[in-house]
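Same order as they appear, the protein sequences are chains A and B. At position 322 of the first sequence the residue is numbered 322 (my numbering), and the sequence of numbers has no breaks. At position 224 of the second sequence the residue is numbered 224 (my numbering), and the sequence of numbers has no breaks.
Keep in mind that the hints were calculated from the coordinates and are not lab data. We put the beta carbon where it would ideally sit given N, CA and C, even for glycine. Incorrect hints may appear among the rest.
[Claimed, not checked] Derived list of chain A stretches under chain B, where covered just means 3 residues or more per stretch with a C-beta under 8 Å from a C-beta of chain B:
id, segment
1, 53-62
2, 93-102
3, 199-207
4, 257-265
[To be verified] Pulled a few chain A residues facing chain B out of the computed Cβ check, cut under 8 Å:
id, residue
5, P114
6, S115
7, Y192
8, N249
9, G314
10, K324
11, P325
12, I329
[What the hints assert, rightly or not] The following residues of chain B were derived to be distant from chain A, with all beta-carbon distances above 10 Å:
id, residue
13, R120
14, S129
15, F157
16, V274
17, G293
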Amino acid sequence: MEIWSLITNILLWFGLYVIVSLSLNVEYGYCGIPNFGKALSVIVGAVVAGGLMTRILMVAMGVHGDIITGSSAVSGEVTTLVKSNPLYGIVLFLVYIILALIIGAVVGAVFILPSARLKEDYLAITLLAIAETFTMVCYYNPVIVGSYYGVSVPNLFAFIPASVRYQTIVGIILITAFVVYIVLERIVESPYGRLLRGVRENEDVMKAYGRNVMNIRIKTMALGSGIAAIAGVLLTFYTLRVQPDSFMNYGRTFWTFFPFLIILLGGAGNNRGVVLGSLIFATLWELVDFYKDNIVSALHLPVEAVWLEYILFGVLMLLILFYKPEGLIPEKPIVTEPIKRKKS
Amino acid sequence: MGVVEGALIYSNLLALLALGLTLTYMTTAVPNFAQGSFAVFGSYIALTLLRLFGIHPYKSLPIAFVLGGLLGAGSYLLILKPLIRRGANVVTLMIATLALDLILLGFRGIYAGILGKITRQPCEMFMFSYLVKPVFGVPDILLVSSLVIVLTLLGLFFLLYKTKFGIALRASVENPMLSEIMGVDVEKTRLFSWFLSGALASMAGVLLPFKQEIVPATAELVIVSIFASSIVGGLSSIAGAILGGYIVGMSESLITYYLSVVTGNAGLLVYGKVVSLVIIVVTLLVAPRGLAGIRWRKVIRWRSGR
């Protein structure tokens, strides 16, 4: 049943990338903030799950010691607890998600403070620098999420048979992605969404209309980062571990560059396009991964597939920028209720 | 290698990298997110020549200069120039340099694998520190890196202030449209700045493994320090970039060293990038235009008026 595992893999990455890319679309596509530090909020989600929640559970369960050994003790205990009563698992799941949302939002708001008033290039540089530095600190500091050793995350769905655990997680991720889509679609269709587009198009006009651009940017970053942090938590539920060395090696590429690629592929400022972009990206990624042995042996080179994927997706990004900068589904003009009434 | 010596070497290299970044920002108005990859490109040239032909990295500096320059010029011609002609905005250009960075990372990974197969030695991580020899009581890398930056500055000064091309280049930075009317080929000056930027970064990359280990994430991390240096210098001032390189390089090394001595925790030494980040944030909050944007006369008058 290789084809089924391919499809579930595609759906897994599709769901995660829909969440992260939609959140980036609010920041970049609608509000015009070039958030080159998007990876930070995903990593914050993982840190909330692996670091903060583990500590809270350690205190609640009276487990002593450092986070590396403590996390495996906590995961074991929580897993047995959840097996005895599924309700604990569901409540804990909601606690993880809500906490990630709140902390992600706070981090996002603080994250942009130094540069909220600045031009796009300074903004991008600062956001990237903050994200890279935080990633590096997570990598070196064993207190946050166990540095080299990483930490375990409890299996909150231990009450579900192990044979369908993976499919369940994918289902939960897809449901979350759908909810995020609905919520964000409501937000960007509201007057607030039009305000965001206004800030993107012309800051000075918005200021002239008495809007506080800095304030809008801070709010948008809080919203976007909170949502992306949820994706970080969901990812840890899938891997059941948090490994800071993977933040270091893959963080920026996977959670900053690829979301930008998806947005530009699908069409910036357009949530439907982003969903389409995520689907195309996840399918391409998994197909390359699926056939990587064939590709590598065809090339007669001692090559790891991931490098080929980097080159492939880097070139794809350039091609989009050259030939289709508006994306597959271009942004549509705003149609408000009064305009609709006038037309009919 | 002593702490101050190490800090000076690092600052020399950072000044070279920040100078390159600033040059391309001045002419093309895009911060080049691939500058770290340009540097590691040079490191791999040096590694290849050392492992395959036994050429000492110092001797590979001229080759790295030329090849790095070609990489920079090629990046401009193939990626940035067509985009600028299509009227791309600054965010699009920045995303393009991010894509370039990823492509270079992919090629680097493949190349390291192939080179490792040929030489039967791992090439994903390497250092040249075992090649350092003391000369006149200091490590020779300190002399070489200082010599490189001094020669670069002399050459640049000569070029910018003593040649016709230099005048044209400065004019096209000052006002591209007006200088085009006066017959300056702005394209040529842009291409030259990218060539020089790649060449300087590549030379810095040759010398970087003497100071720190090259790992797959090196390019992504060093970019933070490069941006910090350029931002301290105001992002569009050559003197500012050099000064910024020394400020950031020295603070990264010395502040972490001082803190590790005071707290007795040697683990603090790895957090140099946090210092860079603090420098970026403080600069943006206090003087967003960097050292070059501060009106020093006013500051001095204000100080003496007290």
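message = Hints numbered earlier in the text: which of these fail when held up against the supplied structure?
response = The structure breaks hints 1, 2, 3, 7, 10, 12 and 16; every other hint is satisfied.
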